[in-house]
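Engineer: The residues making up each chain are set out below.
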Amino acid sequence: MKKQNTFIVVAAVTAAVIAAFWLLLAAPAFTGNEINMTRGVTSQSMINYQLHMIILWICVVIGIIVFSAMFISIVLHRKSKGHEAAQFTHSTKAEIIWTIIPVLILVAMAVPATTALVNMEVAPETDMTIKITGFQWRWKYQYMEDEIEFISSLHPDSNAARRLMSGTEPDTIENYLLEVDKPLVLPARTKIKFLITADDVIHSWWVPALGWKRDAVPGFINEAWTEIMEPGVYRGQCAELCGKDHGFMPIVLNVLPEDEYRAWARQQRQRMAHEEAEVDRLWSRAELMELGENVYAAQCATCHQADGRGLAPAFPALAGSKIANGPLNDNIALVLHGREGTAMQAWGTRLSETDIAAALTYMRNAFGNETGDVVQPQTIARIKNG
Amino acid sequence: MSIESTHSHEDHTHAADHDDHHDHKPSSLLDRWLFTTNHKDIGTLYLVFSLLMFFIGGSMAMVIRAELFMPGLQLVEPDFFNQMTTMHALIMVFGAVMPAWVGFANWMIPMMIGAPDMALPRMNNWSFWILPFAFAMLLSTLFMDSGGPAAGWTLYPPLSLQSGQNFAFVVFAVHMMGISSIMGSINVIATILNMRAPGMTLLKMPLFVWTWLITAFLLIAVMPVLAGAVTMLLTDHFFGTSFFNAAGGGDPVMFQHIFWFFGHPEVYIMILPAFGVVSEIIPTFARKPLFGYSAMVYATASIAFLSFIVWAHHMFTVGMPLTGELFFMYATMLIAVPTGVKVFNWVSTMWRGSMTFETPMLFAIGFVVLFTIGGLSGLMLAIAAVDLQYHDTYFVVAHFHYVLVPGAVFALMAGAYYWLPKWTGRMYSEKWGKIHFWLSAISVNILFFPQHYLGLAGMPRRIPDYSTQFADFNMISSVGGFIFGASQLIFVGVIVHCVYKSRQTATGRVWEGAKGLEWILSSPPPYHSFNTPPVIDSTTMAHADESH
Numbered sequence: 001m002k003k004q005n006t007f008i009v010v011a012a013v014t015a016a017v018i019a020a021f022w023l024l025l026a027a028p029a030f031t032g033n034e035i036n037m038t039r040g041v042t043s044q045s046m047i048n049y050q051l052h053m054i055i056l057w058i059c060v061v062i063g064i065i066v067f068s069a070m071f072i073s074i075v076l077h078r079k080s081k082g083h084e085a086a087q088f089t090h091s092t093k094a095e096i097i098w099t100i101i102p103v104l105i106l107v108a109m110a111v112p113a114t115t116a117l118v119n120m121e122v123a124p125e126t127d128m129t130i131k132i133t134g135f136q137w138r139w140k141y142q143y144m145e146d147e148i149e150f151i152s153s154l155h156p157d158s159n160a161a162r163r164l165m166s167g168t169e170p171d172t173i174e175n176y177l178l179e180v181d182k183p184l185v186l187p188a189r190t191k192i193k194f195l196i197t198a199d200d201v202i203h204s205w206w207v208p209a210l211g212w213k214r215d216a217v218p219g220f221i222n223e224a225w226t227e228i229m230e231p232g233v234y235r236g237q238c239a240e241l242c243g244k245d246h247g248f249m250p251i252v253l254n255v256l257p258e259d260e261y262r263a264w265a266r267q268q269r270q271r272m273a274h275e276e277a278e279v280d281r282l283w284s285r286a287e288l289m290e291l292g293e294n295v296y297a298a299q300c301a302t303c304h305q306a307d308g309r310g311l312a313p314a315f316p317a318l319a320g321s322k323i324a325n326g327p328l329n330d331n332i333a334l335v336l337h338g339r340e341g342t343a344m345q346a347w348g349t350r351l352s353e354t355d356i357a358a359a360l361t362y363m364r365n366a367f368g369n370e371t372g373d374v375v376q377p378q379t380i381a382r383i384k385n386g
Numbered sequence: 387m388s389i390e391s392t393h394s395h396e397d398h399t400h401a402a403d404h405d406d407h408h409d410h411k412p413s414s415l416l417d418r419w420l421f422t423t424n425h426k427d428i429g430t431l432y433l434v435f436s437l438l439m440f441f442i443g444g445s446m447a448m449v450i451r452a453e454l455f456m457p458g459l460q461l462v463e464p465d466f467f468n469q470m471t472t473m474h475a476l477i478m479v480f481g482a483v484m485p486a487w488v489g490f491a492n493w494m495i496p497m498m499i500g501a502p503d504m505a506l507p508r509m510n511n512w513s514f515w516i517l518p519f520a521f522a523m524l525l526s527t528l529f530m531d532s533g534g535p536a537a538g539w540t541l542y543p544p545l546s547l548q549s550g551q552n553f554a555f556v557v558f559a560v561h562m563m564g565i566s567s568i569m570g571s572i573n574v575i576a577t578i579l580n581m582r583a584p585g586m587t588l589l590k591m592p593l594f595v596w597t598w599l600i601t602a603f604l605l606i607a608v609m610p611v612l613a614g615a616v617t618m619l620l621t622d623h624f625f626g627t628s629f630f631n632a633a634g635g636g637d638p639v640m641f642q643h644i645f646w647f648f649g650h651p652e653v654y655i656m657i658l659p660a661f662g663v664v665s666e667i668i669p670t671f672a673r674k675p676l677f678g679y680s681a682m683v684y685a686t687a688s689i690a691f692l693s694f695i696v697w698a699h700h701m702f703t704v705g706m707p708l709t710g711e712l713f714f715m716y717a718t719m720l721i722a723v724p725t726g727v728k729v730f731n732w733v734s735t736m737w738r739g740s741m742t743f744e745t746p747m748l749f750a751i752g753f754v755v756l757f758t759i760g761g762l763s764g765l766m767l768a769i770a771a772v773d774l775q776y777h778d779t780y781f782v783v784a785h786f787h788y789v790l791v792p793g794a795v796f797a798l799m800a801g802a803y804y805w806l807p808k809w810t811g812r813m814y815s816e817k818w819g820k821i822h823f824w825l826s827a828i829s830v831n832i833l834f835f836p837q838h839y840l841g842l843a844g845m846p847r848r849i850p851d852y853s854t855q856f857a858d859f860n861m862i863s864s865v866g867g868f869i870f871g872a873s874q875l876i877f878v879g880v881i882v883h884c885v886y887k888s889r890q891t892a893t894g895r896v897w898e899g900a901k902g903l904e905w906i907l908s909s910p911p912p913y914h915s916f917n918t919p920p921v922i923d924s925t926t927m928a929h930a931d932e933s934h
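Sequence order for the protein chains is A and B. Using this note's numbering, read the first sequence as starting at 1 and increasing by one per residue. Using this note's numbering, read the second sequence as starting at 387 and increasing by one per residue.
If you are wondering where the hints come from, they were derived from the structure by calculation, not from laboratory data. None of the values given here were measured: they were computed from a predicted structure. All C-beta atoms in this analysis are idealised placements derived from N, C-alpha and C, irrespective of residue type, glycine included. Fair warning: there could be bad hints in the mix.
[Said to hold, decoys possible] Examples of chain B residues toward chain A, derived with CB under 7 Å:
no.	residue
1	R418
2	G458
3	E463
4	G635
5	V639
6	R738
7	L825
8	L842
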């Protein structure tokens, strides 16, 4: 009788300890989203959340059963309690049972897992298409129907604060490392197709609220789709190691109701038309230097540094460099086409002619470089278009 | 570890009677260690080397956890951070865990199968002595202008092709490690298949020998694949080929397929010998034969087979066809079956035993519990749809560290404590061994458990800095990491004390419940283990004869 009581107490205590340990992982289900997978705002993310919770609970239950048996044994079957060792060695029946039961559990898991995957991968008819191009360490977004395109980079505030010993406390920056200069604006309740690719190395486009991530592979185009149910701001990050600033290429979605999205798209088209017109006019040196400084800070300073001194050995200095002080055409060609096998990008496909002209003017007349060159947007356009 | 030959004469086994006449250890240091062909000395070299690498790789982990202690960059530049994550993995996988298992194989396999030494002793010497050069080359890259490799241990192109001159060193270091592993494996297979004592049939071999036999075949199958993959990277980088360059007609994703065809069996190469060690230790301290010996052998073989057809579960996000994703999901889920069989058999071995909890048993139990947690999160990761959320987050980091640290590394510690008295002829300090276990077991959970939460909440892996919402759990994880790192110094202390200072001699049997051929030898065993083949009696094995 006494032995039985001990057994019950011990079993209860062990089960409680192990359950508590495992419930820690399951607990966020009741407390909010901070430490569990997000439910998200798409059908895919909600299915994934439910699937995640089902599998998690199955694992919790298996864990409790296995560990309870083990801890009961540890408590009861010890030599110090005078327990004599039994000498049984095998049981084919037991082996068959604990092979078949897991197989059945797995089959039960495979059914919803297959449905979810099919839903994820088989895209419905979509209403609009966004092409996403990852490159070190930014995202370029192209709206195929609306003919809008722009580059989205880490927000300057985060970018300054994230420098080694910057002296800025990360918690003084709103959405530290998860804020961009230009978010991807999307309409809610619209089926959107994404075409995802990369220009240099492999990146991975991930917004947890959408419920999936997809690799951006240079030379290949991956497809994914979404339909976002709720307007709002959703944040994510590059998920595939892509070099030194992998941790600093966030993704921000600004999801608007459809009419607001339409208004935004119109405004963007006007902006782009205005920029195209600007290419044809002659710019003053002061205008180019001012714009160039901004472009340099946003695009070039990551590698070549704000003071133009670079980061040896991978990222050469521009201050006093042979290229930034050498023949202009060589410098333009390098900026337009990049240099293979290095992190130097082909900027010709990424930045506007105006931005490239301004950046070149700036780097050839800053950091002590004194070429006196004024590079006109027209010149870049002419060279670019052969 | 047997620096001096101190013999316990308490055992009067026939081998012990012979050992004084056959203990011709070379007297000069150079002959003893550099030119050695002795399985025990080579085993010791492997183990000491892997311990050194464990600390080098571990200090890199400390740099990583220190930088991640708080949001913001306080200590290192992002590029150096990436060098640390890359080198930490390469060193721990190829320098710490794998050589440690080869060290155990060298020491234990001849003794467990009743052989005098390994089958190919000169090759044995060579396969060890390649390693210090390989790792000197790998580590030297940290002092180069271009820094060390920073593209992750998976060396995915095109990123890895952006590396500077260090890349050639990394590739050749990997080649050398591969050659070393293949030679070691050939030796293990030749020894097990040819040198067993009469009567030691395959299905009487201790489970550690079985798991190593299967591991050796895995190694021979996949190391050449890795060598091929890195050679293609080398020619892409330096000689203008385009295996993995889309602009030249290649495919970066092809590298991932080739790499993981190596990489997934590689994971089992690190864990199968752990299964073996745990299957030796639990019966000893439960004083009860291993439950379901032949099921354990078949489960190990099934896991090895499955390891070849699941590789693309590392690649669910690269854009595979739906049918491909379904196949790799189902195949991966299947691994849970033989792995479950193993866990159930260990629990059944403990069930109704007469257990004591010396340090090796504590580490073995820690292994079973924590490895199972890692196995269960692995099952979650197998679900392809949800993996599109888990992939490349800290959830994955938590998963593979659970199976590798309280998995493989705990099994190594368990094995080291288990056989240390056999190797040295002296007992280690049980008190400090237990302190080491409890500190490690608690801190490893503080270190890795919160990483599940981080991953689920959306923190990607391999980032040097993170958004402030991840701050609390990163700090907890780092604190756990520092305690875990410091606790391993106790391990070194216990070993050094045991080898040089301990005054408590070990008997040949060492543990009351120990069974198997290694325990009928003296402690320390004679220099050439069995000169006369022992007589195999199934009552002296750690597993019972299931044939009747």
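Engineer: Now, for every hint given, state plainly whether the structure supports it.
Structural biologist: Comparing the hints with the structure gives:
1. R418: 41 Å, violated
2. G458: 5 Å, holds
3. E463: This interface hint holds because 6 Å falls under the 7 Å limit.
4. G635: Constraint on B/G635 not satisfied, violated at 9 Å.
5. V639: 6 Å, holds
6. R738: 4 Å, holds
7. L825: 18 Å, violated
8. L842: 5 Å, holds
Going down the numbered hints, you'll see the structure goes against 1, 4 and 7, while the others check out.
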